[in-house]
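Protein chains: 2
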Amino acid sequence: MASVDTAWESLKGRLTELEALGGVVQLLEWDQQTMMPKGGGSQRGAQLSTLTGIMHDRLADPQVGSWLAALCDETDPIKAASVRNVQRDHERATRVPTRLVAEIASASNSGFSAWLAAREANDFSLFQSSVERLVELRKEEIACHGPADHPYDHLLDQYDPGSTTAQLQPMFARLKEELAAFIASVSGKEGPATVTGRWDIAGQEALSKSVIDALGFRLDDGRLDPAEHPFTVGMGTGDVRLTTHLYEDDLLGGLTGTIHEAGHGMYEQGLPSVHTGTGVATAAGMGLHESQSRFWENVVGRSLPFFQWLAPMIRDQWPDTNISAEQWFGHANRVERSLIRVQADEATYNLHIVIRFELELKLLTGEIQVADLPDAWNDAYANLLGIRPSTPNEGVLQDVHWSNGLFGYFPSYTIGNLYAASFRYQMEEDVPDLWNRIAQGDFTPALQWLREKVHVHGHIQDAPEIFLAAVGDRDPVADLMAHLRSRQGALYGE
Amino acid sequence: MASVDTAWESLKGRLTELEALGGVVQLLEWDQQTMMPKGGGSQRGAQLSTLTGIMHDRLADPQVGSWLAALCDETDPIKAASVRNVQRDHERATRVPTRLVAEIASASNSGFSAWLAAREANDFSLFQSSVERLVELRKEEIACHGPADHPYDHLLDQYDPGSTTAQLQPMFARLKEELAAFIASVSGKEGPATVTGRWDIAGQEALSKSVIDALGFRLDDGRLDPAEHPFTVGMGTGDVRLTTHLYEDDLLGGLTGTIHEAGHGMYEQGLPSVHTGTGVATAAGMGLHESQSRFWENVVGRSLPFFQWLAPMIRDQWPDTNISAEQWFGHANRVERSLIRVQADEATYNLHIVIRFELELKLLTGEIQVADLPDAWNDAYANLLGIRPSTPNEGVLQDVHWSNGLFGYFPSYTIGNLYAASFRYQMEEDVPDLWNRIAQGDFTPALQWLREKVHVHGHIQDAPEIFLAAVGDRDPVADLMAHLRSRQGALYGE
Numbered sequence: 001m002a003s004v005d006t007a008w009e010s011l012k013g014r015l016t017e018l019e020a021l022g023g024v025v026q027l028l029e030w031d032q033q034t035m036m037p038k039g040g041g042s043q044r045g046a047q048l049s050t051l052t053g054i055m056h057d058r059l060a061d062p063q064v065g066s067w068l069a070a071l072c073d074e075t076d077p078i079k080a081a082s083v084r085n086v087q088r089d090h091e092r093a094t095r096v097p098t099r100l101v102a103e104i105a106s107a108s109n110s111g112f113s114a115w116l117a118a119r120e121a122n123d124f125s126l127f128q129s130s131v132e133r134l135v136e137l138r139k140e141e142i143a144c145h146g147p148a149d150h151p152y153d154h155l156l157d158q159y160d161p162g163s164t165t166a167q168l169q170p171m172f173a174r175l176k177e178e179l180a181a182f183i184a185s186v187s188g189k190e191g192p193a194t195v196t197g198r199w200d201i202a203g204q205e206a207l208s209k210s211v212i213d214a215l216g217f218r219l220d221d222g223r224l225d226p227a228e229h230p231f232t233v234g235m236g237t238g239d240v241r242l243t244t245h246l247y248e249d250d251l252l253g254g255l256t257g258t259i260h261e262a263g264h265g266m267y268e269q270g271l272p273s274v275h276t277g278t279g280v281a282t283a284a285g286m287g288l289h290e291s292q293s294r295f296w297e298n299v300v301g302r303s304l305p306f307f308q309w310l311a312p313m314i315r316d317q318w319p320d321t322n323i324s325a326e327q328w329f330g331h332a333n334r335v336e337r338s339l340i341r342v343q344a345d346e347a348t349y350n351l352h353i354v355i356r357f358e359l360e361l362k363l364l365t366g367e368i369q370v371a372d373l374p375d376a377w378n379d380a381y382a383n384l385l386g387i388r389p390s391t392p393n394e395g396v397l398q399d400v401h402w403s404n405g406l407f408g409y410f411p412s413y414t415i416g417n418l419y420a421a422s423f424r425y426q427m428e429e430d431v432p433d434l435w436n437r438i439a440q441g442d443f444t445p446a447l448q449w450l451r452e453k454v455h456v457h458g459h460i461q462d463a464p465e466i467f468l469a470a471v472g473d474r475d476p477v478a479d480l481m482a483h484l485r486s487r488q489g490a491l492y493g494e
Numbered sequence: 001m002a003s004v005d006t007a008w009e010s011l012k013g014r015l016t017e018l019e020a021l022g023g024v025v026q027l028l029e030w031d032q033q034t035m036m037p038k039g040g041g042s043q044r045g046a047q048l049s050t051l052t053g054i055m056h057d058r059l060a061d062p063q064v065g066s067w068l069a070a071l072c073d074e075t076d077p078i079k080a081a082s083v084r085n086v087q088r089d090h091e092r093a094t095r096v097p098t099r100l101v102a103e104i105a106s107a108s109n110s111g112f113s114a115w116l117a118a119r120e121a122n123d124f125s126l127f128q129s130s131v132e133r134l135v136e137l138r139k140e141e142i143a144c145h146g147p148a149d150h151p152y153d154h155l156l157d158q159y160d161p162g163s164t165t166a167q168l169q170p171m172f173a174r175l176k177e178e179l180a181a182f183i184a185s186v187s188g189k190e191g192p193a194t195v196t197g198r199w200d201i202a203g204q205e206a207l208s209k210s211v212i213d214a215l216g217f218r219l220d221d222g223r224l225d226p227a228e229h230p231f232t233v234g235m236g237t238g239d240v241r242l243t244t245h246l247y248e249d250d251l252l253g254g255l256t257g258t259i260h261e262a263g264h265g266m267y268e269q270g271l272p273s274v275h276t277g278t279g280v281a282t283a284a285g286m287g288l289h290e291s292q293s294r295f296w297e298n299v300v301g302r303s304l305p306f307f308q309w310l311a312p313m314i315r316d317q318w319p320d321t322n323i324s325a326e327q328w329f330g331h332a333n334r335v336e337r338s339l340i341r342v343q344a345d346e347a348t349y350n351l352h353i354v355i356r357f358e359l360e361l362k363l364l365t366g367e368i369q370v371a372d373l374p375d376a377w378n379d380a381y382a383n384l385l386g387i388r389p390s391t392p393n394e395g396v397l398q399d400v401h402w403s404n405g406l407f408g409y410f411p412s413y414t415i416g417n418l419y420a421a422s423f424r425y426q427m428e429e430d431v432p433d434l435w436n437r438i439a440q441g442d443f444t445p446a447l448q449w450l451r452e453k454v455h456v457h458g459h460i461q462d463a464p465e466i467f468l469a470a471v472g473d474r475d476p477v478a479d480l481m482a483h484l485r486s487r488q489g490a491l492y493g494e
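One line per chain: the protein sequences are A and B, in this order.
The numbers in the numbering used here rise by one with no breaks, and the one at position 391 of the first sequence is 391.
The numbers in the numbering used here rise by one with no breaks, and the one at position 245 of the second sequence is 245.
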């Protein structure tokens, strides 16, 4: 067996390579959605599959297993965290046979085509057998990992290491009850008015850059480009690229999306680059990543103080516009029961997620069958939101995730909202003049707090531990409900 | 030993990977010079060195050697060409020890810094020891490859496989004599006038795209972006990216540069993608590549028929401009003896290359020492061009190539000009209405000819064989001189 020092140096060498290749994969995906000409698709596919194949081989390499074994008693916190993170990835790469990985990739590929066809025909039956196959394959994959408290834990672990079904289930159940009641009471009342208008795209681009620059996104260490479906990639703290989709008739729709991505981007820019090459200078999971985007998009970006700063900037850009901070604030916090998750407002959004989470659990445990999904979906919407989809496209066919075999991913969105709410209240305690500073366009205290409590910890601890260290014994469900009551509740006279 | 069929399949698998990774390296370099934010530099370095390291290992892999050995009697022309190309690369990757590769990389790196410092101080002595070291290392590298007719052949082979010193030396010597006499006689006479004006960059971008679209560059399979130092990358025929540098006060400077890059790009788009994964769907060397850029830039893009088509387009874009085709033609073909290669006109350009070629030969054979370079350079300029550099920056320090250890690369530029001239005269024979079609903006016959005679052959043969098959026993020196006499000669009353 290698000596501990040799093993650590060898592991670091391998991780440095894997981080570099991971950055390249990110760049290829960014390029594909922003710059690549139409004709580049097939070569891009070959490039990505070659790179991910090389990364898989280098991670599954038995040498990695022996380095990890030599380092199993490591007590230095960085090295120990590195070993824990790599151990997870190495096990995932070695325990699941190549045959099964290929089958899942192939089923995801044909699942996506089936989903497109089913959406085209607005007919779930065209998609059903693909989902059945993917559920079976995921169960097979789960079985490779050996026993767990709940089979769903293995799925959660891929996106949100440290989260467990046992911990999420009661939290999501409480959130469901409280949210459904809140939405029901708010929905009967008259709320704030919608703001309408037209804002030229060039002006929106200029405004977007001013806003994210003010928030603290470093434009010298990143970019902002248009993309059909916005996303963010990070290739080290010096190269973080945001994308956004602007709409001429919806200034706030584009801007809140940009701020959301800048939240992801500021997390990436704040990761502990000093630990590059150890596998801990990375985000601690999708839930915590989403907490950063949602914090900036919702907690900051839909607050009245934020609009007190923003409204004059909008007037400067479009002198004909005369919309007050209060009007923008009302518009940004309207509540509407609707069927499509990606168009949902901040309050109803989490009910969409809870519905998917509960259906995924039942699918995995066999409580429901794939054939039952459309009805189970519609019933859940009728029960919780009080509206029932009239076609599959408005219901079970709306999201791409399951077509790619992505089960266990949806909870990240609500974990993010829960974390963000508790960050809000802890930050208000720690930074008493937080909102005054924001009203003046000074976002430094908020970013500084997130840097210290979240970003700088990278993936040294798992997200639940980082959250605990940041906010102590706060109750995120209570915080999220308090946050919504302070905004939508107040605006709707609750 | 592997069976022939197994060996071929294994080799193809490896080449498919190497082509994909090669495309990724091209994309990273393109991104670095067009899109990458300032902060991305250090991560980009790590990404590139990781990828090139992986590519080197996969090429030097002894398995590749055994596949090649199993295929040594291959008679199928594609497979035989593939084996020949891969054999060259495999030998280069295995014969030169890793230690020497690292020393050259390191010496190139510090050589570049020394060159920058020497340019800053306008003082060759700060650069001298770097060049000495690089010449020694290149000699060591050449020795690894075993005997050759001339040591310089090993350098040529890296950029222009199939070219030999024995073949280039007399050709370049003849060109030198004829060109020097031509330049001397033209330089005493009054030539056409310079066109001056201002043309907005947005308008130039629109014009550039119209022009390259008309030439036949497929914009759906490529892009055009601004870059400080223009270049072209190809990642398969479906993703070819040109860059250009436009100048508000020099419309033709930017446009001819764009056309030059489009020439490279159309070659890349015309490679035989049917042979992807065999190592022959690639350019047959830098000289032939340059023949394509120079053909479009010079033979087509500085011709009177081209300006007869272009002049009205320029007037459409800038209605205040009223410059005739004849004025543009004159402006584009002015001859001026000058000291800086990259600013040289079409006629004098090749003298700059011949000077570098002869100095490189003398350095390698020990006929001159590095310390003699500045004087030898200045004497050559005085003898051939009739002007003498007054400072090192105007002379021996002007090009970046030697600082990176790039010896043997300069000849490609003149090989390209020679090939392009013969392509012109052969094309005129094969396509009698060539110039009438060009005057009408119909570039299809020219592109079609190049597609059939050059592009579609990829690297199945080496460039000299492709050239021979395309033009027969034409004399490229005579053709280049005839071409220059038909343009600059006529304009200067020669």
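Everything labelled a hint here was simulated from the structure, so no lab data went into it.
There's no promise every hint is true.
No copy labels: a pair is met if it fits in one copy or bridges any two.
[Unchecked claim] Result set (DSBU-like, lysine-lysine): computed pairs, CA atoms no more than 30 Å apart in a straight line:
(1) K139 / K38
(2) K209 / K38
(3) K12 / K209
(4) K453 / K12
(5) K79 / K12
Practice item. Run the structure past the numbered hints and jot down the numbers of the failing ones, going up. Key: Numbers 1 and 3, in rising order.
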